[in-house]
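Each protein sequence line maps, in turn, to chains W and Y.
The opening position of the first sequence corresponds to residue 16 in my numbering, with each subsequent residue numbered one higher.
The opening position of the second sequence corresponds to residue 6 in my numbering, with each subsequent residue numbered one higher.
In case anyone wonders, no lab produced these hints; they're calculated from the structure.
Check before you lean on any hint, since a few could be wrong.
Chain Y regions said to be covered by chain W (calculated; three or more residues, Cβ under 8 Å) [as the list claims (entries may be wrong)]:
| hint | segment |
| --- | --- |
| 1 | 33–40 |
| 2 | 256–266 |
| 3 | 289–301 |
PhoX-like cross-link-like pairs, simulated, lysine-lysine; straight-line CA separation at most 20 Å [said to hold, decoys possible]:
| hint | chain 1 | residue 1 | chain 2 | residue 2 |
| --- | --- | --- | --- | --- |
| 4 | W | 268 | W | 246 |
| 5 | W | 343 | W | 423 |
| 6 | W | 477 | W | 425 |
| 7 | Y | 56 | W | 192 |
| 8 | W | 453 | W | 397 |
| 9 | W | 268 | Y | 80 |
| 10 | Y | 24 | W | 268 |
| 11 | Y | 295 | Y | 277 |
| 12 | W | 343 | W | 294 |
Built from N, CA and C at the ideal position, the CB exists for glycine as well.
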Amino acid sequence: MPKLDTIPTSQFPKDLREGQSFNPPLAESQIGGELLNILSKGLYTDPLDAIREYAQNSIDANAETVEIQVTGNSVFILDYGDGMDYNKLLQAREFAISQKDIMSNVGFRGIGIYSGFDLCNRLVIRTKTAGEEMEHILEFEFGEMRHKLDAARQDPNRPVIPLATLLHRHIAYHFAKSTRKGMAFTMIQLENLSDTHIARLSNLDEMRGYILRNLPVRFSSEFQYGKEIEKALQKNVEGYKSAKIILKIERSKSVTVEKPNIPDLESPRIGFVYDSNGKPMAYYWACLTSKSESLSSRGFPEFAGLVYKIKGFTIGDRNYLSSYFTRKQIYPWWTGEVYVISTEVIPTSARDDFEASPAKDALEAAVKYTLSGAQNKESLQKIALEAQASRRADQIIQNAPDRIKEVKEKVTEGSYDEFQAYSALDDILSDLQSQKGKASGDKRTLATRLITTAKNLQKQVKKEIDDQTPVSVRKRKGAKAATDVGLPIPIPSAESGAPKQLPILNLLQVITHSGWRMREEDVQIISAISDALADNIGINTDLYERLLEDIAARLGDLGEAK
Amino acid sequence: MLPLASTQNKEAIRRRWDKPIIAKFSRSIKKPLDYFGLPGPDIRDFHDWGKYLGFKTGIEVVTKRGKVVEEQLRKVNALETNVILDGFSENWQLRRGFLENIILDGVDIDGNAPALLATEGTKNPRMTYDLHNWDFQGGLGYKSKGEAKRIQALKRLIELQRAHPFLLLLTLNVRHTLGTELSRYLTGIGNETYSRKHQRILKWYSERKAIDSTEHYRTKATVPLFIRQIAHINSFDCYCYPPVYYEGWKEHLLHFVFTLTPQGTTLPAFSKQQLGQVVEMPLVEVHSGKFVLASFQHPGCRKQDGLDVLRQLGIQSK
Ligand SMILES: C[S@@+](CC[C@H](N)C(=O)[O-])C[C@H]1O[C@@H](n2cnc3c(N)ncnc32)[C@H](O)[C@@H]1O
């Protein structure tokens, strides 16, 4: 939009009666020459882009709600923003592109009120400010204007049409007394759209998706962190404003477009993204899932991962930023947005990328560092990996009491002898000790307690072994004889066998249990494979369990064959 | 906006006459009424009857070309603004053009059909609105234009709505040039009845003339009989409320209300309300928002029937 305060304002025609038409004059200097070029080219405008432009204007006028209604051959865009008085309304006719505005214009056409120029026959703005008692109405005869421009283009004499004259002739003002005291609103009507355009605008799914991608849509009021994020964005992203958008399509239930309420997220990480000189390039927010599952598998595939934003526009899609993650499977554990602040970064007209430039490179480097910089101890990737490890550790620790209980039971019922019990407890202890450091606070305390319990239990068991209870007594208890009596610390073997009922938590453990010995490098490789399996299949899934059981069984078979 | 005195009468009709009838009908069919009609830019119908209304198709006249178009488009814009700002846009659609043409052609000037008119895939289109408010400013029709479109549209409406119960509110200017046509019709009905009394009453109505300012009595008598006749052909029972005469802005208007209930018959239906009751029905008038039986009535008028209706609607008569 042109800077409004630089344009001279006109006088309200005092003698005008209610309902009487008046074509307010305007000077050639009030309109940038580019407008004529744009208008006379007869560009193809996507109706969704035009509607977006008007809705964005509404949001810029501080509207918290914008209603888009499609009925008959018309589209109405209503907002309860500031409204316009006579002068402000007339300025809506004016148009200028300056270098400074380029960022908000390149790629978006940005021709303000003329966005619907080649879509509709007439455009009507009806507006009112809170303080006035009248509604101002400005009517644009776009159809007639197009007709004149077309005729001029086809005329062999190529007559020059002074744009100011054209606009003056075809833009009429009138006012009406209003019954809406104290209310401010602006309503734009695009009249006589083609059936094809109406059909596209009536496609609720497409409209909803488009709006979510291209307008600064507000969070659902139910979203727990919505207010916090919204506040931070308003404070730190210049010009950031957002609104709830309501779609009313004839014969369909109205639809409110807003960013969804995603439950089970950790509190947001919010902050600037700086370039190497400490200059802020972007501002981001991101929430990590608090479940051990990505947002895509949690039913929010549209919101899994992060996305670049400029003034409500989405640049590229969420895949764009996934390339910054080296551990891809962890990327959709996040949801968030990266608002580009740097005015030097310019999106392409297709809005699928930024124009190549040093500024783009700087932005990308800075964002990459925030997301996954190897040097960055707080990178989103690292945080997610740690969270993932910690959740897995928590789970292992959480399962430990049951495992200990099971050992106790088996000893009591005699299905374990002391050696088996000792070795089972050993496994539990090694799990607890290795996971304790990664676990969350309360699970860490639990782990410490469990380690003591398991150790005590193991001591008891060891005592019994050391006591050399006669075999006959053990037999009486119903236990089967151990094959490797005498070893002070039993090494699990395929023969003694890890009892299958024990919860198996990862590939590494399965292999350890199988009795196969691994070298140091094997352990590293298998850990990596083990993590990859857990990340991609998910440790709580049937598939994962079946897979590990199957591997355990096969390894057992291999051992026996040997 | 209309001057106060004239809107006062119309308002009384909407709120005190139509509204209880609408409420009762909505209760009887157990649903909000889907509306088809002429709400006008001030959408008073929606403000007054809103809670009884379901889906709404509003018609506003827009002609293809001509000087008036600009004024018409402004009206449409004002109407839509009011619909959206006043919160009626949820179940709403606008169709542009003459109501009569939309009924006769099935589409408006933009080629859009009303939502509750099923035309596709059927040779017999059907309309399923529950409330028609044909609130015209003009009269019944003009002879010079062949069969008046408005009458044709009324015939077509009842045919389209067949098998669907509905309320028809019809407001007409008393001005028209069908005078002799009406007299012929009333005489014809008279010839079909054996009741000497009804023949006399019909004759009285057929003789009303513009010259003694009683011309509107001819319309008052004709419209109910005509609607009833078309209703019967289309297997409806037709109940007619007493016509209401009132002064609008620069014009005099007649307001009719009918309840049409399908009978499922193959041959034409008959109504519980008898021909005699319709013929002998009194005329009601509104003055400064107050309902009264007109002082000038046909000889042998069943005033009591009129008073009963007023009482049923909760209206105190003077
Ligand atoms: C009398 S006003 C409706 C008033 C409203 N029902 C009320 O009670 O306040 C009729 C409106 O319908 C429009 N109108 C009148 N006759 C019409 C016709 N035949 N077809 C379409 N619109 C018509 C007029 O322009 C006007 O806006």
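Each hint, compared with the structure:
| no. | hint | verdict |
| --- | --- | --- |
| 1 | 33–40 | violated (count 0) |
| 2 | 256–266 | violated (count 0) |
| 3 | 289–301 | violated (count 0) |
| 4 | W/268 x W/246 | 31 Å, violated |
| 5 | W/343 x W/423 | 42 Å, violated |
| 6 | W/477 x W/425 | 16 Å, holds |
| 7 | Y/56 x W/192 | 27 Å, violated |
| 8 | W/453 x W/397 | 13 Å, holds |
| 9 | W/268 x Y/80 | 26 Å, violated |
| 10 | Y/24 x W/268 | 27 Å, violated |
| 11 | Y/295 x Y/277 | 30 Å, violated |
| 12 | W/343 x W/294 | 28 Å, violated |
Hint violations for this structure: numbers 1, 2, 3, 4, 5, 7, 9, 10, 11, 12, all remaining hints satisfied.
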